[in-house]
Amino acid sequence: MRRYLLNRLWQSVVTLVLATIVVFVGVRALPGDPALALAGEDRDPESLRAIRQQYGLDQSWLVQFWQFISHAARGDLGESIRTGTPVRSMIFSALPVTIELSVLAILIAGVIGVGAGVVAAVRRGGPAEWAANALALLGLSVPHFWLGLMAILYLSVALGLFPASGFVPFFTNPVDNLHHLILPALILGTGLAAVIMRQTRSSMLDALSADYIRTAEAKGLPPKAVIGKHALRNSLIVVVTIVGLQLGALISGAVVTERIFALPGFGKLTVDAVFQRDYPVIQAVVLVTATAYIVINLLVDLLYSVIDPRIRVRGEA
Amino acid sequence: MAVAEAIAPPRSNSRRVVRRVFRNPLALTGLAVLAIAVILAVFANWLAPHEPTQTNLGNAFAPPGTAGYLLGTDDLGRDVLSRIMFGLRASLHVGILAVAFSLVIGVPLGLIAGYFRTVDALISRLTDLVLAFPFLILAVGLAAIRGASLGNAAIAIGIAQIPGMIRIVRSETLRLKSLDFVAAAVVEGASDAWVLGRHILPNAGSAVIVQATVGIPAAILGEAVLSFLGLGIQPPAPSLGTMLADAQQFASKAPWAAVMPGVAIMLLTLAFNIVGDSLRDALDPKASRR
Numbered sequence: 001m002r003r004y005l006l007n008r009l010w011q012s013v014v015t016l017v018l019a020t021i022v023v024f025v026g027v028r029a030l031p032g033d034p035a036l037a038l039a040g041e042d043r044d045p046e047s048l049r050a051i052r053q054q055y056g057l058d059q060s061w062l063v064q065f066w067q068f069i070s071h072a073a074r075g076d077l078g079e080s081i082r083t084g085t086p087v088r089s090m091i092f093s094a095l096p097v098t099i100e101l102s103v104l105a106i107l108i109a110g111v112i113g114v115g116a117g118v119v120a121a122v123r124r125g126g127p128a129e130w131a132a133n134a135l136a137l138l139g140l141s142v143p144h145f146w147l148g149l150m151a152i153l154y155l156s157v158a159l160g161l162f163p164a165s166g167f168v169p170f171f172t173n174p175v176d177n178l179h180h181l182i183l184p185a186l187i188l189g190t191g192l193a194a195v196i197m198r199q200t201r202s203s204m205l206d207a208l209s210a211d212y213i214r215t216a217e218a219k220g221l222p223p224k225a226v227i228g229k230h231a232l233r234n235s236l237i238v239v240v241t242i243v244g245l246q247l248g249a250l251i252s253g254a255v256v257t258e259r260i261f262a263l264p265g266f267g268k269l270t271v272d273a274v275f276q277r278d279y280p281v282i283q284a285v286v287l288v289t290a291t292a293y294i295v296i297n298l299l300v301d302l303l304y305s306v307i308d309p310r311i312r313v314r315g316e317a
Numbered sequence: 001m002a003v004a005e006a007i008a009p010p011r012s013n014s015r016r017v018v019r020r021v022f023r024n025p026l027a028l029t030g031l032a033v034l035a036i037a038v039i040l041a042v043f044a045n046w047l048a049p050h051e052p053t054q055t056n057l058g059n060a061f062a063p064p065g066t067a068g069y070l071l072g073t074d075d076l077g078r079d080v081l082s083r084i085m086f087g088l089r090a091s092l093h094v095g096i097l098a099v100a101f102s103l104v105i106g107v108p109l110g111l112i113a114g115y116f117r118t119v120d121a122l123i124s125r126l127t128d129l130v131l132a133f134p135f136l137i138l139a140v141g142l143a144a145i146r147g148a149s150l151g152n153a154a155i156a157i158g159i160a161q162i163p164g165m166i167r168i169v170r171s172e173t174l175r176l177k178s179l180d181f182v183a184a185a186v187v188e189g190a191s192d193a194w195v196l197g198r199h200i201l202p203n204a205g206s207a208v209i210v211q212a213t214v215g216i217p218a219a220i221l222g223e224a225v226l227s228f229l230g231l232g233i234q235p236p237a238p239s240l241g242t243m244l245a246d247a248q249q250f251a252s253k254a255p256w257a258a259v260m261p262g263v264a265i266m267l268l269t270l271a272f273n274i275v276g277d278s279l280r281d282a283l284d285p286k287a288s289r290r
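Same order as they appear, the protein sequences are chains A and B. If you read the first sequence in our numbering, its first letter stands for residue 1, the second for the next number, and so on. If you read the second sequence in our numbering, its first letter stands for residue 1, the second for the next number, and so on.
Honestly, I wouldn't trust all of these hints.
[As the list claims (entries may be wrong)] Below are the SDA-like pairs computed for lysine to any residue, each with C-alpha atoms no more than 25 Å apart in a straight line: (1) B/K253 <-> A/P163; (2) B/K253 <-> A/S165; (3) A/K268 <-> B/I159; (4) B/K253 <-> B/G58; (5) A/K268 <-> B/I155; (6) B/K253 <-> B/A60; (7) A/K268 <-> B/G58; (8) A/K268 <-> B/G147; (9) A/K268 <-> B/N152; (10) A/K268 <-> B/G230; (11) B/K253 <-> A/A207; (12) A/K268 <-> A/A207; (13) A/K268 <-> B/L47; (14) A/K268 <-> B/G77; (15) B/K253 <-> A/L153; (16) B/K253 <-> A/S156; (17) A/K268 <-> B/P235; (18) B/K253 <-> A/K219; (19) B/K253 <-> A/A164; (20) A/K268 <-> A/T172; (21) B/K253 <-> A/A151; (22) A/K268 <-> B/L129; (23) A/K268 <-> B/Q248; (24) B/K253 <-> A/Y154; (25) A/K268 <-> B/R146; (26) B/K253 <-> B/G77; (27) A/K268 <-> B/F250; (28) A/K219 <-> A/A207; (29) B/K253 <-> B/P236; (30) A/K268 <-> B/A60; (31) B/K253 <-> A/V195; (32) B/K253 <-> A/L159; (33) A/K268 <-> B/A251; (34) B/K253 <-> A/L183; (35) B/K253 <-> A/V157.
The hints are simulated quantities; they were obtained by calculation from the structure and are not laboratory data.
Assemble the whole structure, with the sequences as input and the hints as a guide.
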């Protein structure tokens with residue numbers, strides 16, 4: 001177990017270092033001179049040189065890279081070259097929105113996906129399975145941003161059930177906050193729900209034909225107890241696995257969803273930064289995303305081995 | 001190579017697979033929708049009732065059913081149906097290009113990673129690295145560096161699909177390598193290249209086909225997202241994603257301009273997913289029992 005953990009940790013560190021290099025080189029490959037962008041109207045060589053010096057742009061790439069990682073390690077991600085705001089505070093104000101949106105989406109997807117998956121497996125061959133399968137296929141095929149547009153058009157604008165855009169912080173007004181986020185989270189969760197449903201159904205079908213379930217039934221345990229006990233444990237593994245696998249899709253989906261519902265989250269920060277060529281912000285946003293991806297995947301793997309003892313044994317072998 | 005050939009597992013009989021797919025009414029419907037979409041896209045120049053970029057401000061916001069404009073017009077009076085036909089062409093173009101890209105790079109790397117243990121760790125770390133950049137972050141970066149275009153969107157989507165392709169081919173290679181017929185071929189003195197090309201690749205084929213079929217609809221959705229954000233196909237060239245981005249501005253005035261392109265994307269990806277599912281079931285006898 002310990003060897004497995006150390007190995008897994010080591011892999012994550014290597015990936016993280018490589019990701020940092022890719023981000024640094026990638027940002028330098030962007031066209032457009034940031035010093036020119038900063039200077040605005042004032043383009044005489046003297047002030048350009050001063051700007052380059054102030055932001056360290058006159059140093060060699062190697063020096064710039066060292067400064068970048070040593071500062072990042074201390075939590076200093078530089079300042080936006082557009083507004084002068086520290087990038088760290090921009091990220092800290094955007095991140096809670098995206099995290100809340102994603103957590104809500106995962107919760108909704110888990111409840112819908114596991115529920116539909118269990119029903120499809122238990123009511124095999126009936127209309128309930130057919131409906132669940134059809135919904136899963138639709139959930140995988142529908143463009144989510146379009147679903148978001150339709151929801152705004154018909155649920156928010158026409159019926160006035162939900163606010164069409166905007167955000168209220170949770171601690172300002174929790175009810176208003178949920179009212180603003182529930183529709184985006186539902187839209188973001190549809191694809192995830194479809195994947196979870198399919199996986200739950202297939203693992204339930206495997207389990208229902210397994211010997212120990214037959215034994216439990218033969219002992220005379222009521223079917224509800226058998227399914228309930230088994231489904232709960234098994235579906236937890238399914239949800240954790242799928243969230244790990246679909247994390248990238250979830251982050252991409254959050255960017256688009258935030259754009260449609262005008263949520264001031266991480267996605268908006270990312271897209272705005274690219275269109276404005278705001279080097280330090282792009283750099284930090286991509287770095288934070290990659291780090292988050294690597295760390296969450298590590299946690300998912302560890303959690304996975306805690307929930308499912310079979311993985312622990314395999315890790316030791 | 002006689003022993004290896006003699007004990008090789010039977011490959012899925014392609015005629016039987018085709019028969020199984022054709023016996024499934026849902027799969028047939030999916031194939032029919034795909035056929036229609038391909039015909040509309042390929043022959044758009046002749047089939048489209050109007051030029052997709054031709055504006056006619058006097059005829060803006062014409063509702064569906066207006067004479068000559070079956071699906072209505074948008075804010076500039078452009079024919080929605082014609083734009084959807086050309087948009088389908090762009091979608092299919094990006095879908096096929098992206099998957100071809102991931103095949104060309106992912107299949108050889110997957111074979112190498114699964115067959116040669118020495119480079120496995122290196123390729124696996126690189127796969128992890130690509131995965132650490134979610135598709136949209138990757139595409140945003142590429143569009144910023146190389147500019148936004150159909151080709152760059154396809155490359156970004158293709159890169160994002162490479163890890164999946166590598167993992168599938170790698171695990172198939174690992175599985176096949178441990179089977180007796182591959183060992184027999186090695187004993188008989190076959191070179192690595194021969195074993196990979198003659199024994200492993202053909203047997204991994206069905207897994208690759210299934211992965212590619214899943215990849216195309218994913219790439220089509222990816223293109224729509226990128227174009228919607230302004231990072232894909234550039235206006236005025238019609239793309240289903242840019243049509244939706246435009247329509248968002250006037251959606252309550254002309255909902256059809258926002259509804260129709262989305263329905264087109266959904267039908268296209270739905271058809272691909274249905275065909276992909278039934279192909280997977282037909283290729284894998286174990287799955288079809290479910």
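Taking the hints in turn, this is what the structure says about them:
For a cut-off of 25 Å, the pair hint linking B/K253 to A/P163 stands: about 19 Å separates their Cα positions. As the CA atoms of B/K253 and A/S165 are separated by approximately 18 Å, the hinted pair is consistent with the 25 Å bound. With a CA separation close to 23 Å, the supplied pair A/K268 and B/I159 stays within the 25 Å bound. For the hint linking B/K253 to B/G58, the alpha-carbon distance of about 16 Å falls within 25 Å, and the restraint holds.
Restraint check for A/K268 and B/I155: satisfied, since their Cα atoms lie roughly 23 Å apart, inside the 25 Å limit. Taking the CA atoms of B/K253 and B/A60, the gap is about 11 Å. The hint holds against a cut of 25 Å. Pair hint A/K268 plus B/G58 does not hold up; C-alpha atoms about 36 Å apart against a cutoff of 25 Å. For the given pair, A/K268 sits about 19 Å from B/G147 by alpha-carbon distance, which is consistent with the 25 Å threshold.
Only pairs whose Cα atoms come within 25 Å are accepted, and A/K268 paired with B/N152 is accepted, the gap being roughly 22 Å. A distance of roughly 14 Å separates the Cα atoms of A/K268 and B/G230; the hinted pair therefore holds under the 25 Å criterion. Restraint check for B/K253 and A/A207: not satisfied, since their Cα atoms lie roughly 52 Å apart, outside the 25 Å limit. Between A/K268 and A/A207 the CA atoms are separated by roughly 43 Å; this puts the pair beyond 25 Å, and the hint is violated.
Using a Cα cut-off of 25 Å, the hinted pair A/K268 and B/L47 is violated, with the two alpha carbons roughly 40 Å apart. Between A/K268 and B/G77, the direct Cα distance comes to roughly 31 Å. Violation of the 25 Å bound is thereby established for this hinted pair. Of the pairs offered as hints, the one joining B/K253 and A/L153 holds, with about 10 Å between alpha carbons and a cut-off of 25 Å not exceeded. Taking the CA atoms of B/K253 and A/S156, the gap is about 15 Å. The hint holds against a cut of 25 Å.
The hinted pair formed by A/K268 and B/P235 meets the criterion: a straight-line CA distance of about 22 Å does not exceed 25 Å. Proposed proximity of B/K253 and A/K219 is contradicted: the alpha carbons are some 64 Å apart, above 25 Å. A C-alpha spacing of about 16 Å is found between B/K253 and A/A164, which places the hinted pair at or below 25 Å, so the restraint holds. Between A/K268 and A/T172 the CA atoms are separated by roughly 21 Å; this keeps the pair inside 25 Å, and the hint holds.
Proposed proximity of B/K253 and A/A151 is supported: the alpha carbons are some 16 Å apart, at most 25 Å. Proposed proximity of A/K268 and B/L129 is supported: the alpha carbons are some 24 Å apart, at most 25 Å. At most 25 Å may separate the alpha-carbon atoms for a hinted pair to count; A/K268 and B/Q248 meet this at roughly 17 Å. A distance of roughly 12 Å separates the Cα atoms of B/K253 and A/Y154; the hinted pair therefore holds under the 25 Å criterion.
Distance restraint check for A/K268 and B/R146: the Cα-Cα separation of roughly 21 Å lies within the 25 Å cut-off, and the hinted pair is therefore satisfied. Taken as a hint, the B/K253 and B/G77 pair is honoured in the structure, with Cα atoms around 13 Å apart against an allowance of 25 Å. Using a Cα cut-off of 25 Å, the hinted pair A/K268 and B/F250 holds, with the two alpha carbons roughly 22 Å apart. About 17 Å separates the Cα atoms of A/K219 and A/A207, which keeps this hinted pair within 25 Å; it holds.
Between B/K253 and B/P236, the direct Cα distance comes to roughly 21 Å. Compliance with the 25 Å bound is thereby established for this hinted pair. For the suggested pair A/K268 and B/A60, the alpha carbons sit about 32 Å apart, so the restraint of at most 25 Å is broken. Under the criterion of a C-alpha separation no larger than 25 Å, the hint pairing B/K253 with A/V195 is inconsistent with the structure, at around 35 Å. For a cut-off of 25 Å, the pair hint linking B/K253 to A/L159 stands: about 15 Å separates their Cα positions.
As the CA atoms of A/K268 and B/A251 are separated by approximately 22 Å, the hinted pair is consistent with the 25 Å bound. About 22 Å separates the Cα atoms of B/K253 and A/L183, which keeps this hinted pair within 25 Å; it holds. Taken as a hint, the B/K253 and A/V157 pair is honoured in the structure, with Cα atoms around 12 Å apart against an allowance of 25 Å.
In summary, the structure is inconsistent with hints 7, 11, 12, 13, 14, 18, 30, 31 from the numbered list given earlier, while agreeing with the others.
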